[in-house]
Amino acid sequence: MSDKSVRVRFAPSPTGPLHMGGVRTALYNYLFAKKHNGTFIIRIEDTDQNRFVEGAEEYILEALKWCGITPDEGQGVGGDYGPYKQSERKEMYKPYAEQLVKNGKAYYAFDTGEDLDKMRKQAQQMKMPNWQYNSVTRSSMQNSLTLPEDEVQKRLENGDPYVIRFKMPRNEDVRFEDKIRGWVVVNTNNLDDKVLYKSDGMPTYHLANIVDDHTMKITHVIRGEEWLPSAPLHVLLYEAFEWDAPTFAHCPLLLRPDGNGKLSKRDGDRLGFPVFPIDWIAADGEKYSGYREKGYLPGAFINMLAFLGWNPGTTQEIFSLEQMIEAFSLERVSKAGAKFDADKTNWFQQQYLRAESPTTLAKMLREKTGSELQNVADAYLEQACVLMKERATFVEDIYTEGKYLFENPTEFDAKTVAKKWNELAEELMLEWSNKLEALNTFDAENIEKSFKAFLEEKEQKIGKVLPAFRLVLTGKGMGPSMFEIAALLGKEESLSRMKNNIPTIKGLKA
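Just so we're aligned, residue 0 is where the sequence shown starts under numbering that gives the first Met the number 0, counting upward by one.
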């Protein structure tokens, strides 16, 4: 197979918001397609109309757009193999289902819901709790394999409700090679006769999925581990149609931080972190938080997701999307479940925030803070961002943690006041303010040089003086370089704060 013929799809169902596990599946499909100069497709699989959720499709497309996972073809984009929503392809599936019946690979089943419930209850009474419609039990049910041909025809002509079920062969081993898991072998005695075509005229996921993948010329099916139990049926369907099956790759589960179970849609806010890419408000009004609204950068989110199940085989951890495409391979995707790590996620966010330009950070900060920084000059705000970004996880931290860069502090760190402020500190600060006032060039280099000379003159260690200087100017016990802070505030503002804040701190100590 030449690289240019690679076609992959991400095929979510609009039954709710897109979980971060789904985003990772989309990402792996996207990376694989781009690595091989192939085509990445978005297809909406909405055959289960009973579980359809209003707004879910729009949410999925918006979430992928925010992540930068851009389809080449598909729903909302178009292409030569549309429509890309299964409900809009409804009419095409029935002939395929009937073809399977004609070829003896499937059959009509007329059993009512009551019939099926009766059989399940009888099985429970016989201590067989997991009753299945399969190669053994089908012989006692109402279907085209047990009913006379003329009765089957009559029921069809009368419009009696029916489903089309796959005729699962008995006691055969289904074998296929998974690009992540290696060879998978399942015996058909463990599989039931799945419904392929429903009484409402819609295909089930299994039939629609296979038909769509074939007609859209999908070469690789990269999806979550939860679909692995369906893969043997899909392999048999390809054989039944006499079609070439795509290459399968089933990605590992995303696990809770403690490794105890799958990371679910309800774990996020309960455990203190998002599990959705963007905010979702459910029909009942309940809100589920997303990474976008929490302030995470899309690059950081995607970089973190890529490493939940994949590693490049090197020590490099920060990857641009282009670098990920270059490094990605299915062979380096793990079989084992990947534990989500909220702290590591924040680390990725910190790295990406620090890599942003001062201009971009300043713009982002203005957007986050609204009117609070409207009177701050661009150049000043950019310098403040440079100064504070090493201590920030989110862009708003630059303001909340560095508020003293924009206004005189009104609160002073109690521990620093208790430990570092005394009569000597007050005396040294008053003398130091005179030294600062005498400086002709008020930049970080000169302030630091003057400060060191002042320490020598007073025969004091830095730990006795610098915390007091920080306290007076910022109200904090720690932070970035005090010389850079003073330089950014400027001579006038720094001296004004020293004049006004020394008496205030003295009053706190009294």
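Just so you know, the hints here were simulated from the structure itself, not pulled from any lab data.
Cβ coordinates follow ideal geometry from the N, Cα and C atoms, glycine included.
Some clues are possibly wrong.
Claimed, not checked - Pairs of lysine-lysine residues, derived as PhoX-like cross-links and limited to a Cα-Cα distance of at most 25 angstroms, are as follows:
hint: 1; residue 1: 343; residue 2: 419
hint: 2; residue 1: 402; residue 2: 286
hint: 3; residue 1: 418; residue 2: 367
hint: 4; residue 1: 367; residue 2: 414
hint: 5; residue 1: 460; residue 2: 498
hint: 6; residue 1: 104; residue 2: 216
hint: 7; residue 1: 64; residue 2: 475
hint: 8; residue 1: 120; residue 2: 104
hint: 9; residue 1: 448; residue 2: 419
hint: 10; residue 1: 402; residue 2: 418
hint: 11; residue 1: 475; residue 2: 388
hint: 12; residue 1: 419; residue 2: 434
hint: 13; residue 1: 104; residue 2: 93
hint: 14; residue 1: 505; residue 2: 418
hint: 15; residue 1: 402; residue 2: 460
hint: 16; residue 1: 261; residue 2: 343
hint: 17; residue 1: 414; residue 2: 343
hint: 18; residue 1: 451; residue 2: 475
hint: 19; residue 1: 498; residue 2: 448
hint: 20; residue 1: 84; residue 2: 216
As the list claims (entries may be wrong) - Here are the simulated distance ranges between beta carbons:
hint: 21; residue 1: 459; residue 2: 324; range: 30 to 40 angstroms
hint: 22; residue 1: 319; residue 2: 75; range: 18 to 28 angstroms
hint: 23; residue 1: 319; residue 2: 123; range: 52 to 62 angstroms
So which of the earlier hints does this model not fit?
Hints 1, 2, 3, 4, 7, 8, 15, 17 and 21 are the ones this structure does not satisfy, whereas the remaining hints hold.
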